[in-house]
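2 protein chains.
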Amino acid sequence: MSFSPLVDRLMESLRVLPGVGPKTAQRMAMHLLERDREGGKRLADVLAMAVEEVGYCRRCRTLTEQDICTLCESARRDDAVLCVVESPADQLAIEDAGGYRGRYFVLHGHLSPLDGIGPEDIGLDQLETRVAEGGVEELILATNPTVEGEATAHYIATQLAPLGVKLSRLAYGVPMGGELEYVDGGTLSRAFNGRLPFQSD
Amino acid sequence: MSFSPLVDRLMESLRVLPGVGPKTAQRMAMHLLERDREGGKRLADVLAMAVEEVGYCRRCRTLTEQDICTLCESARRDDAVLCVVESPADQLAIEDAGGYRGRYFVLHGHLSPLDGIGPEDIGLDQLETRVAEGGVEELILATNPTVEGEATAHYIATQLAPLGVKLSRLAYGVPMGGELEYVDGGTLSRAFNGRLPFQSD
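Taken in sequence, the protein lines are chains X and S. Read in full-length UniProt numbering, the first sequence has 70 at position 70, and its numbers run on one by one without any break. Read in full-length UniProt numbering, the second sequence has 10 at position 10, and its numbers run on one by one without any break.
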């Protein structure tokens, strides 16, 4: 871009961040160099450490630098319910929503034969072992409501059904706070088919 | 937030970036850890190097890791015109606009007696020395069109007038491509007062 190779490289490097284009990268670089070098130093240190040390939890495969993640180690979660998600981001969303007190299992993706992603790549052997060990009464298949997510949920259900575990899937329907006018047709027809008896409080 | 102290620290650290709140920081952390560790590693390295090594150009005070910045060293710029800006970001904006072929001088701020920012803090002694050395015929005072920027430009003009250099200021007026309806009153009256003879091509 201009006057300093290293500043240019910094702007370029910041663009690995999602949603950061050239203008935003420039603003970020200027902010860090002009106003918050200490914060920039801290970010560099933590980021270097994180990409180096963060791996998968041995038990649930979520992102963690520990052998077993904090959530798996917590004594306050219910071992009888296991929620299967596609990504740690999905897990965070469910945790942020609050209310769920069971454990998780993170696939890091979904089945995709065309991309060569098979059951062992998303840890299904490990999931099967865990369910077979006993203790899990319900398996919530919280993969995404997409074609790939549905197919993955279906595959897991087929594989684990013989183990006698109760299998469930998140409810489909119209999102809370939305307006019907703007809900897509597919969601709307699922919501119609899955309609429930009206309950007055 | 959740399951890994280091991932939490990474999300927290990403928030030093301007415009990055908790949700964006989470998305960035997940993206780097799940999909682009190499980019994350590179960003960490470059950022650590930049906050450590980038200083001010000895000649124009812009951000650079070199003793003299690339632009000051370039033989293809006009030594006779010197543009004074408040920040390297302003300099980048002018460079991106194209057309200007002179040199720069970066103040890194503006005069602000209440905050204890005096002439020496924004390098005015250095600017005066440079102009006194000769060679600079025109000094463009491109500080921001704000109260502080105006005051700073006025102060510099007063100090350097005795040196016999030609002083100029960027034109005020309605921005290109804007609609008059949405231009603020101050800008509009400056544009009226500064109106120019109509030129047909």
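Certain hints may be false.
Put simply, identical chains are the same to the list, so a pair is met inside one copy or across any two.
[Stated by the list, open to error] In silico lysine to any residue, SDA-like type, Cα no more than 20 Å apart, as pairs:
1) K41 <-> E52
2) K41 <-> V16
3) K23 <-> D90
4) K166 <-> R101
5) K41 <-> Y182
6) K166 <-> E181
7) K41 <-> Y56
Read the hints as simulated data drawn from the structure, not as lab findings.
So which hints don't hold here, by number, going up? 5 and 6
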